[in-house]
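Chemist: One-letter residues, chain by chain:
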Amino acid sequence: MSRDLEEYLRPGIASTPFCPGCGHGILMNLVLRAIDDCKISMDDMLFVSGIGCAAWIPSPHFNADTLHTLHGRAIAFATGAKMFNPKLNVMVISGDGDLASIGGNHLIHGARRNTDLTVICANNMIYGMTGGQVASTSPLGAFTSTSMDGNAYRPFDLCKLVLGAGAPYVARFSVTQPLLLVNAIKKSLRTTGFTFIEVLSPCPTQFGRRNRYDSPADMLKTLTERCIGKEEARNLSEDLLKDKIVTGEFTVE
Amino acid sequence: MAYKIIKSTIPAGNYYLSGNEAVAEGAIAAGCRYYAGYPITPSSEIMERISVRFKDLHGVFMQMEDEIASICSVIGAVWSGAKAMTATSGPGFSLMQEGIGYAALTETPLVIVDIQRAGPGTGQATRVASGDLMQAKWGSHGDYYIIALSPWSVQEMYEQTIHAFNMAEQYRVPVFIMGEEAIGHLRERIEVKGSLTIFNRKKKKGAPPFGTNQDDGIPPMPSFGDGEKLLVTGSTHNEIGIRKTDDPDIHSRLVNRINKKIVNNRNNIIQTDSHHLKDAEVIVVSYGFTARSALFAVEQLRKEEKKIGLLRLKTIWPFADEVIHDIGKRAKTIFVPEMNRGQIIGEVMKYASCEVVPYNQTNGETIHPHRIINEVRRLIK
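Protein sequence lines correspond, in order, to chains A and B. Per my numbering, the very first residue in the first sequence carries number 1; after that it's consecutive. Per my numbering, the very first residue in the second sequence carries number 1; after that it's consecutive.
Simulated from the structure, these hints should not be mistaken for lab results. Each hint can be trusted.
Pair by pair, the computed Cβ-Cβ distance ranges are:
| id | chain 1 | residue 1 | chain 2 | residue 2 | range |
| --- | --- | --- | --- | --- | --- |
| 1 | A | 20 | B | 4 | 47 to 57 Å |
| 2 | A | 241 | B | 120 | 42 to 52 Å |
| 3 | B | 121 | A | 166 | 32 to 42 Å |
| 4 | B | 120 | A | 231 | 51 to 61 Å |
| 5 | B | 51 | A | 86 | 10 to 20 Å |
Under the rule of at most 30 Å between Cα atoms (straight-line distance), these lysine-lysine pairs were calculated in the DSS-like manner:
| id | chain 1 | residue 1 | chain 2 | residue 2 |
| --- | --- | --- | --- | --- |
| 6 | B | 229 | A | 39 |
| 7 | B | 202 | A | 87 |
| 8 | B | 202 | B | 137 |
| 9 | A | 87 | B | 204 |
| 10 | A | 87 | B | 7 |
| 11 | A | 39 | B | 205 |
| 12 | A | 39 | A | 187 |
| 13 | B | 332 | B | 306 |
| 14 | B | 202 | B | 55 |
| 15 | A | 87 | A | 39 |
| 16 | B | 204 | A | 39 |
| 17 | B | 314 | B | 260 |
| 18 | B | 4 | A | 87 |
| 19 | A | 186 | B | 229 |
| 20 | B | 350 | B | 306 |
| 21 | A | 87 | B | 203 |
| 22 | B | 307 | B | 332 |
| 23 | B | 205 | B | 7 |
| 24 | B | 204 | B | 7 |
| 25 | A | 39 | A | 186 |
| 26 | A | 87 | B | 205 |
| 27 | A | 244 | A | 230 |
| 28 | B | 203 | B | 229 |
| 29 | B | 55 | A | 87 |
| 30 | B | 4 | B | 204 |
| 31 | A | 187 | B | 229 |
| 32 | B | 306 | B | 329 |
| 33 | B | 244 | B | 205 |
| 34 | B | 229 | A | 87 |
| 35 | B | 193 | B | 55 |
| 36 | B | 314 | B | 332 |
| 37 | A | 244 | A | 221 |
| 38 | B | 329 | B | 314 |
Virtual Cβ for every residue (Gly too), placed ideally from N, Cα, C.
Construct all of the structure, not just a fragment, from the sequences and the given hints.
Modeler: Given below as structure tokens:
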């Protein structure tokens with residue numbers, strides 16, 4: 001299933017800056033597919049991003065208004081832009097370090113206020129651009145350039161965090177689940193209020209090579225195996241769930 | 001001309017307002033319709049008044065989660081087409097510094113009010129100081145230029161806020177109102193005129209929003225939603241906004257231009273106010289609340305036929321270098337009283353060839369006129 005999405009790309013953009021095997025290119029494609037499916041004009045879109053690899057997904061590649069901001073502050077910038085001009089369809093695309101660590105306060109307050117934003121968090125579980133330092137989303141025991149003996153701290157469950165802060169729509173999918181992910185982005189675009197999608201996106205360069213993944217393909221394969229639907233997860237014991245990543249749409253239970 | 005005359009939002013007449021209330025009214029008069037802030041003493045009355053006044057004006061008021069979010073959301077709103085403002089005091093001003101650098105590099109017009117309190121640290125939140133003047137100039141990293149004003153009365157809190165918005169829009173630069181607690185909380189009668197002059201940012205369809213042919217030029221500024229497919233980034237960028245993070249020429253050109261557009265226009269920006277300078281042998285250089293005490297002292301000493309005058313700096317940045325150079329050639333001594341450990345005196349010494357004498361008070365109180373009188377008497381002997 002291929003589709004010509006070139007009209008959504010800024011003229012003159014010839015290639016992406018992402019490393020071989022990075023999941024962000026897939027995510028870039030899926031965001032544009034969702035916009036295409038929803039028939040939203042790029043004239044009405046504003047993409048806001050912070051600092052990091054994922055922040056380069058919209059800027060400068062998308063042929064729309066783009067605001068590439070400070071590290072962690074994308075949601076704060078987006079709040080001002082959206083509140084003053086509610087006609088803009090504002091989507092925030094940034095990484096886990098950006099949105100959840102340095103920007104964690106803006107994330108929970110955006111959800112609490114229920115500001116009408118679509119927030120897509122590309123989670124590669126590490127600080128990619130700065131050289132592979134441990135993140136607040138790195139799994140327990142993960143090897144990074146600042147946790148050579150294995151990460152000693154638990155990662156955030158971003159979906160629970162944002163759900164707890166009051167967001168009406170929260171989902172988690174991996175770039176290895178493209179159709180589910182496109183549907184989630186579409187749903188998010190059609191929902192008024194603060195919507196949040198955590199997208200698992202592999203980083204072979206910084207995470208993979210330090211955590212015994214032989215190749216980018218190996219990393220994608222493992223991610224495919226680890227991601228299970230929340231319905232399937234319901235029937236698994238805690239022990240079996242240990243290495244799994246539960247995906248799906250989440251609501252307060 | 002991009003300047004135009006509009007009717008005042010509040011009826012012409014006399015009002016009895018605090019400095020903080022006057023800032024809010026000045027912003028509204030200038031066309032500010034987005035405000036984001038976080039509570040902090042002694043500036044909070046600005047956001048309280050704005051939050052009430054915006055209801056009838058279709059303005060957007062946001063109380064954000066911190067000062068970082070406040071400045072960032074202001075920048076976002078400005079690019080959506082707003083005239084926008086935030087207000088704070090020392091600790092919040094410190095938190096805003098990264099955003100200020102972003103605004104300077106992206107040439108985002110906005111107004112920041114700093115109602116200065118006694119620092120450093122949490123210091124004395126309800127007490128006065130003017131300790132943030134160097135922070136206004138140098139607070140964010142890298143080389144950039146801003147405009148900073150120093151009002152001395154409630155009337156000027158109103159007028160300089162309007163002026164600040166006009167200059168922000170004209171030069172596409174952050175403009176600071178460096179108020180002090182004593183002015184923020186002072187109540188005075190002010191006169192509001194029936195009409196005022198305002199400047200709205202230049203727009204030009206298809207023109208590059210981050211570059212001009214002149215190396216000190218100010219490019220037009222479109223908004224999100226105008227169909228310009230804007231690229232706004234805090235990284236070094238070319239004239240259309242494409243990130244250029246390793247091109248030495250583009251970085252040099254951009255950094256030079258955002259500095260030169262202010263420095264080369266400084267004679268249009270800088271405002272000073274002179275009292276009894278003609279034959280003065282001792283000149284007091286002062287600003288903000290302290291200038292009120294200084295003027296009282298000068299008038300008092302003139303009655304004793306002392307040859308003393310006052311130069312009041314209404315603009316702190318860019319600094320009034322040529323005026324100081326000029327008075328430094330004529331005076332024997334320049335006296336600089338400040339509610340800090342000596343910030344503006346360093347600038348005065350850079351440009352004045354005569355003797356320059358400091359008077360510094362950092363006890364959380366305003367400088368009493370008699371202290372200035374006593375100090376100056378000793379200088380005159």
